Amino acid sequence: MIQIRDIHGGIHPPENKLQSLGEPIRPAGIPAQLILPLSQHIGAPAAPVVSVGDRVLKGQKIAEAKGFVSAPVHAPTSGTVVAIEPRVIPHPSGMSAPCIIINSDGQDEWVNHQGISDYTAVDKNTLISTIREAGIAGMGGAGFPSAVKLSGGQDKPIQTLILNGTECEPYITADDILMRERAGQIIAGAEILRHLIEPQETLIGIEDNKPEAIAAMRAAAEGTGIEIVSFPTKYPSGGEKQLIQILTGKEVPSGGLPSDVGIVCQNIGTAQAIYRAVNHGEPLISRVTTVTGNACGSPRNYEVLLGTPVQYLLDQSAFNASDCIRLIMGGPMMGYTLQDTAVPVVKTTNCILAPTVEELPPPPPAQACIRCGMCAEVCPVSLLPQQMYWFSRAQEHDKLEEHNLFDCIECGACSYACPSHIPLVQYYRASKAEIRQAQQDKIKAERSKERFEARQARIEREAAEKEAKRKARLEAAKARQAEAVKGDSKQDIIQAAIARSQAKKSGDADPAQAAIARAQAARNGTAVEETREEKQQRLEKLLASTTKRLAAAQEKLAQAEGNNDDNIAAFRTAVEKTSAKLAATQKELDELKSSTDGAAPTDDPAAAAIARAQAKRSGQAPAESEQEKTQRITAQIASTEKRLAAAQDKLATAKANGDDKADAFATAVTKTQEKLDALRAELAAITPTTATPATPVEDDPAAQAIARAMAARAESAGMSEREKAEKNIASLQARVEKTAAKLRAAQESGDDNAEILATSLDKMRDKLTAAEQALAALREEEN
Amino acid sequence: MAFLKLSSPHAHGPMSTPRVMRLVLLATLPGIVSLTWFFGFGTLVNILWASLFALAFEALALKLRRRPLAFYLSDCSALVTAFLLAIALPPAAPVWLIAVGIGFAILICKHMYGGMGYNPFNPAMAAYVLLLISFPVDMTNWLAPRGAISVAELPGPIDALLRSLGAASTQFDAVTMATPLDLLKQNDALLLDDLWAQSPQFGQFAGLGWEWANVGFLLGGLYLLYRRVFTWHAPVSMLASLTVIAALFYDGGSSASGGSPLFHLLSGATMFGAFFIVTDPVTSAVSNRGRVFYGAVIGILVYTIRSWGNYPDAVAFAVLLMNFAAPFIDHYTQPRTYGHKPRQNREKS
Amino acid sequence: MIELISQHPFAAAVLALVSLGLVFGALLGFASVKFKTEGDPIADQVESLLPQTQCGQCGYPGCRPYAEAIANGDDINKCPPGGEATIAALADLLGVEAKPLDAVEESVPSVAYIREDECIGCTKCIQACPVDAILGSAKHMHTVIASECTGCDLCVEPCPVDCIEMRPIETTLQTWHWDKPAATEDIIASDRPSAKPSAAA
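Chains as they are written, first to last, in the numbering used here: chain A, 1 to 783; chain B, 1 to 349; chain C, 1 to 201.
Don't read these hints as lab results, they were simulated from the structure. Careful, some of the hints might be misleading.
[As the list claims (entries may be wrong)] Heads up, incomplete: computed chain C residues facing chain A, CB under 8 Å, no partners named:
#1 G25
#2 Q52
#3 E148
#4 D162
[Said to hold, decoys possible] Below, a list of computed lysine-lysine pairs in the DSS-like style, where the Cα atoms sit at most 30 Å apart:
#5 A:K442 with A:K471
#6 A:K742 with C:K124
#7 A:K577 with A:K629
#8 A:K399 with C:K124
#9 C:K99 with A:K442
#10 A:K738 with C:K99
From a predicted model like this one, the values you see are computed outputs, not experimental measurements. From the three backbone atoms N, C-alpha and C, an ideal C-beta is built for every residue, glycine too.
Please construct the entire structure, taking both the sequences and the accompanying hints into account.
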C-alpha cells in the first residue's frame, strides 16, 4: 500500500463532471474537412511529406518529425489534401499556423498497417521508434512527445512509473470514461511502458471522485503488479509535479524533470495510444474529448478524429450559441478561450467547454489586493502570489525571480481564491514573458555592443593605417625633394614629386570611388590596360629614377668604404639590387621598343614572365573588352535615361512657367532621346556577340542589379510625371516632418545639433515647395 | 459570434472582498452587544458617528483621487475601519475626537499611502495611537460598567448621543472609572486579591464587563476562523505568547505581579486585537510562518507595555511596532517553494 | 615653543587644526592614488542598461558616449528605444527622479528591410549601419541581417533611392504572450456598474 501525501494548498471548485458522464463514448464521425496543424505538440513543428492534391489514406503519415523533440502527423481518415496553409489553431492567441487540410472521401480507407504481436521480442529502440512514428504526444494537455520521455532516461535509472488518471480539472471526464470503458487497453499500454523503462513500481493515480474508474482499473490490473492508488480529490493534484509529490513524497527540483528523481509520468490516454500503436500499428489519429458546459444541450464524450473542427462537435451536442460568451478548450482552470469555432481538435484537446453566462460569468473589475493571503493558502507550490502580484505590477523583475515566479505552474488556484477577483495568473504570464524578453534583449544588446565596438575599432584602425600611409608618402616626397636638391634638374623633379603626391592624395580623397574602381577592375578580371605609350613612358621614368638611385647608392657606398663604415655590406647589396632592377627595367624597355617587330630577347626569366603575362592578357582582352563594352553601354544607357528624365522634367517646368528656354529644352530632350536610342541599338548589336561565351551579363551580379534597377526605373518612368511628383512630395513631406520633430526635440533639450537640423529643415522645405510647384504646374498642364 | 478572449482560470471561487468585509463587520456583533450591555449605548453611538465620518471621508478621498465612487465604497473597507476605531474608543467619545480619528485613519493612513491594500499601518490603530497621544484625557475617560454602578447610571441612546456631542444631559450624569488595567498598573502596595476586593471594577476573571466583551470578540473571531476569512496563525500565536509570558511573570498575586494569564487574555483589547487587528492582512506579515512570528512578538509586546510601559493597554502600540517589522519578517519567512532546497542550504550553496 | 603654545590657546587651536588637516589631506591624497578606480564604473553601469541600438537618437554617436554623458550629468530621458523601462532603470541606478521620455513616443521595436528590387548597391547604408548588420558590396544588392539589426533606422536616411523601410517586429506564435490586465480604474470608465469588461469586449 502506498502512503498518500498531501500537497500544499489546493482548492475544491465545483466538479461538474456528472453532466458529461451520462452516456458512453460515441464516435463523432468523419467531418467533411479535417484541419491538421503541423505543431500539435511541444517542440519543432512537423514537416509535410504530402503535397496538395495527393490522396491520403487513414493512418498515412502526412508530416514527419523535425528534430528530436517533435512528433509526426497522420491522416485521420482517407481523403485528398486540398491545401497546406496557415489556419487558426487552438492557441490562446487565436493566431494562425501552418496546417494540412484534408477533404475526407467518406471511405475511411486504412493504410496498410500491422501491429507487433509480441513486443517483448522486439528491440527496445525499435519499440520507442514505433511510438515516435505513431506521433504520440502527451495527451493530458502539455503535448510533450512521449518517445522523448521514454528514450531520455537511459543514464538515469527510473524507480517509479506513474500513470496520471487524476483528471483534477472540473468538467473534464475524458480520462474518467476512458478508464471506465478501456481499462484493459490502458493496462496493456502500461505493460509496454513497464517493459521499456523497467521501473521498480508502477502506480496509477486516480482521484477518489471516480469510483467506477478505480474499480474498472483495479479489475484490469489484477495480477499485473500495477498499483491503482486513489487519493482525495483536490485541484490541482493532477499536475505532474503535484501527483509525484502525492504518490512518492518526492519533489521534482526546480527547473528539472521528473526523471531527475527517478520518475517517469505519463497520462493514461497516452498509455492507451501507445497500446494502439504497438499492438495494432495504429498511429495517433483520434482521441476522447469531452464536450460539456450548460450551453451544450447534450454534454458527453466523443471519440474524435484529430483535425475535426470544434464547430462539428458543437453541432452534435446541441450547442446554444446565444447563451455562450466564452468557449474554452480544456478545463475552466487552465483551458484557454477560443475565438473561432473552426479550430480543430488536436492531440492535447481533452475538453471543449461551452459554459453559459451564468455558469462562468465574465470577471468583474478587480478590487484592491488586501494581501489576505488566500492565494498563498491555496498555492500548490507554496509561492506568495500576493507578493508576486505587487512585484509584477511594479515591474520588479529581480524580486519576481527571487520569489520563484518561474516555479508557478499557472494552475489558477490563486485567481480562483482571490476575493478581489484579481487575474493573478495573467499577471504572472505577462511577467514571465517580460522577463524572458528582457533576457533576450539583454543578450541582443550585448551582441550589438560587441558589433558596434568591433566596427569602431575597425574604422579607427583603417583611419590609422591611412594616416600612416599618408605620412610615409610625405616622408618619401621629402626625401625625394632633398635628393632633387642635389640632382641636376632640381626644379622639375620637385614639381613632379609634388604633382605625383598630390595626384595620389586626390585619388585617396575619395576612398569609396577608388575602392569602387578597384572592385570593378577586380571583377572585370583585368587590370586597366595600359597603352603602349603609357607603358613606355612609365618605364623610361622608372629607368631614369633607378639610374639616379644607383648613382646615389654607389656614391654612398664609396663614402662608406672610405669611412670603413659597418653598413658597407648593406650598401653593397643595395647597389647590387638597384643595378639589377635597372637592368631589368632597361631590358623591359628595350623589349617594349622592339615589340612592334614581335621579337623579344627572352634570355631574362623576368622578361619572359612579363612576356607570358602580356601574351595571356592580350589573348583574353578581346572577349573581356566586349563584356566591358556592354557594361559601359548599359551604364551609359542608364545615365542617359536619367538625363532624359531630368530633361523632360525641366521641359515640363519650363513649359508650365512659359519659359523662353522651353524650346531649347525640347531640343535637348529630342537629342537625348536620339542618343539613348543609338546606345540601345549598339547594346542590342553587342549582346548577341557577348552572349556566346558564357552570357556574362547574367553571370555578373552587379549587372543583374543594374538591370533590376533599370527595370524599376523603367517602371517608375511608366508612372505619369504627376504620380512621380506626388510620390516625391509625399516622401519629402515625411522627411520634413521627421526633421521638424527632431529639431523640436533638439531645441527643447538645447542640443548643439539644433542649428544643423534647422538649416537642413529649411533646405528640405525649399525642396518641398519646389516639388509642390512642379506638381501644381503638372496638374495645370494636364487640365 | 464573438467569444471573449480571457486568460485562465475561468472559474472563480465564492469569496469576494466586500463579502470578507461584511463578515468581519458581522463578527464584531457579539463584542459590541456585550460592550453595550455593560457600558451602555456609548459604543453604538461611536459606531454611528465613525461610520458616517468614514463614508464621508472615503468618498472625499476617492473623489480627490478620481476613483470610481460606488465601486470602492461598496467594498465596505471604510466601514471596517470605522467599526474598529469606534470599538477601541471610550464609549460615547466626543464627536470631534471621532472625526479627527477617522479623518486621520482614512485620509492620512489609507489614501495618502495609495488606498486600500497599500497602507503599511493599520489605519484604525494608527488613528487610535494618534488620539491617545494627543488627547490622553478624553481617551482614558472610560464609563463605569454595569455592576459597578446601577443600571440607571448607564447611558441610554439619547444620553450617549448628547454626551458625544458635548451637551450635558439632565437625567444622566456620566460616571467614569479607571479600567482594571489602570488599577493594576497603579497598584504597588496591595496584593492582587486585596485589590480585587477593594475595587468594584473587577469581575470573575478580569475586569467587570471587560471579560465578557473579550469573550464576545473571541466568539466573533472563532466565527471568522470558521469562515476561513483568515488563518489561525497570527491570533493563536499572539494569545499563546501573551499567555506564556504572563504565566512566566505571574507570581501568584503579589503587589508587584502583572496579573494572571487569564486576566491578561480577558482584559483590555486582547481578544479584539487578536482577532480583528492582528489579523488585518494588509499590514501584517504575509506567509503563515511570518504571521506566527508576527503574532508572537505582538503578544510579548502587549504584556511588556502593559506591565512595564507607560500605558495601561498596548495592543495598538504593539501592532504598529510590528507593522514596521512586517516587510522584514516577510523577507526572512518566504516559504520554501516546491522543488527548492530549504533556504539556508540555498544560501550556502 | 611648547610654552608659547600653551600660553596662546588660539594659536594652539589653529596649529592643531592645521596639522589635522595636513594629516588627513595626506591620507586622502594617498588613498586617491593608491585606490584609484580604473575607467568610469558609473558609465559602465549606465551603458549596461542602455539598449545598445546605437541609434544616436539621444544626440550622441552611440550608446557608450551617451552613457558617459549621463555619468557626467546629462538627462536620462533621451533614449526612445529604451523607453520608460530604461528611464526607470537609470533613475533607479543613479538615484534620481524618473522623467518622461524626451521624444514624441517610444520607438516600436523594428528591423530595417531593404526592398531588394530597388536597391542600386550604393553601399551608403552599409557605411551608416552602426552594427555592421547590412550585407552587400558596391553595385550588388544589399540585405539586412535581421537578427543583428537593432532597428536604429540610421540606414533609412542615407539611401538615395529610399528603398529601406523600418518594419515593426511582428508577433509570432512563439513570441505572443498575455499582456498585463488593465487597471480597474481604466476598466470602470464611469461609475455605472454596466461599464464592465463584458460590455467593452
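For which of the previously enumerated hints does the structure constitute a violation, in increasing order of number?
-> 1, 5, 7 and 8
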